[in-house]
Amino acid sequence: MTLNELKFIVALAKARNFRKAAEMCFVSQPALSLAVKKLEDELGVLLFERSRNDVTMTAVGESVVEQAIRAIDEANRVKEIAKQGNNQLAGALKLGVIYSVGPYLLPEIIPILRKSAPEMPLIVEENLTSNLEMQLRNGVIDVAIIALPFEIPGIKTLPLYEEEFVVVVPSDHDWANLKVVP
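Per the working numbering, the sequence shown runs over residues 913 to 1094.
Just so you know, the hints here were simulated from the structure itself, not pulled from any lab data.
Hints are not guaranteed to be accurate.
What the hints assert, rightly or not - Straight-line distance between alpha carbons at most 27 Å, and here's what the computed DSSO-like set of lysine-lysine pairs gives:
#1 Lys950 to Lys932
#2 Lys1006 to Lys1027
#3 Lys950 to Lys995
#4 Lys991 to Lys926
#5 Lys926 to Lys950
#6 Lys950 to Lys1006
#7 Lys1006 to Lys991
#8 Lys1006 to Lys995
#9 Lys1068 to Lys1027
#10 Lys926 to Lys949
#11 Lys1091 to Lys1068
As the list claims (entries may be wrong) - Okay, the calculated beta carbon distance ranges per label pair:
#12 Gly1066 to Pro1019: 28 to 36 Å
#13 Ser1028 to Glu1074: 16 to 24 Å
#14 Asp985 to Pro1019: 52 to 60 Å
#15 Tyr1016 to Leu915: 49 to 57 Å
#16 Trp1087 to Ile1024: 35 to 43 Å
A quick note: this is a predicted structure, and the numbers were derived from the prediction, not measured.
Glycine included, C-beta positions come from ideal geometry on N, C-alpha and C.
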């Protein structure tokens, strides 16, 4: 039994005519007739009563066609699941950010993410570094933006950007002429 055979009997049940069902399935009428007969032989039951002008389903044919519709729907669902699995951007990105950088980085990052993956849902969690680490380890979030240093076994750290911090002092301060603060 194949999905095509199931599609053929569903089309035949709708069309009640072999020629029309074959057209609906984009196959020749003899190919459809042969496939329906093969399925009936495999199942050991007559699914359709054939007359010169009409095709009607038998009682068992009605039940088989109903189940065939469900099987086709489930097969389509399997394809959809596989398709979504191929698209890594189909699921939500759960992004953790420390409180101190969220207000500065999120307005920059969110538009970039929306442009590159408009269908991808984004969930943002602002929290403390220690909480974000735990959420990352437990799979609650996918990615965290935190301040360095952050050396935790099993977690890969990649620099996002570098920012130079400076000390500002009055010109008459002891450090005013130093190149590096001690």
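So, going through the hints one by one against the coordinates:
Pair hint Lys950 plus Lys932 holds up; C-alpha atoms about 19 Å apart against a cutoff of 27 Å. A C-alpha spacing of about 17 Å is found between Lys1006 and Lys1027, which places the hinted pair at or below 27 Å, so the restraint holds. Note on Lys950 and Lys995: the hinted pairing is violated, with a Cα-Cα distance of about 32 Å set against a maximum of 27 Å. Distance restraint check for Lys991 and Lys926: the Cα-Cα separation of roughly 24 Å lies within the 27 Å cut-off, and the hinted pair is therefore satisfied.
Restraint check: the Cα-Cα separation between Lys926 and Lys950 comes to about 19 Å, which is no more than 27 Å; the hinted pair holds. Distance check on the hinted pair: Lys950 and Lys1006 sit about 51 Å apart at the alpha-carbon level, beyond 27 Å; violated. In summary, the hint linking Lys1006 to Lys991 is supported, as the alpha carbons are separated by about 26 Å, within the 27 Å threshold. Restraint check for Lys1006 and Lys995: satisfied, since their Cα atoms lie roughly 21 Å apart, inside the 27 Å limit.
Our distance criterion of 27 Å between C-alpha atoms is met by Lys1068 and Lys1027, whose separation comes to about 26 Å. Restraint check: the Cα-Cα separation between Lys926 and Lys949 comes to about 17 Å, which is no more than 27 Å; the hinted pair holds. Proximity of Lys1091 to Lys1068 is assessed by CA-CA distance (about 34 Å); at most 27 Å being required, the pair is judged violated. The hinted range of 28 to 36 Å is satisfied by Gly1066 and Pro1019, whose Cβ atoms lie roughly 31 Å apart.
Range check, Ser1028 to Glu1074: Cβ separation about 23 Å, and the 16 to 24 Å hint holds. The hint said 52 to 60 Å for the Cβ distance between Asp985 and Pro1019, and at roughly 44 Å that hint is violated. At about 54 Å, the beta-carbon gap between Tyr1016 and Leu915 stays in the expected band of 49 to 57 Å. Range check, Trp1087 to Ile1024: Cβ separation about 39 Å, and the 35 to 43 Å hint holds.
Going through the hint list in order, the structure does not satisfy hints 3, 6, 11 and 14.
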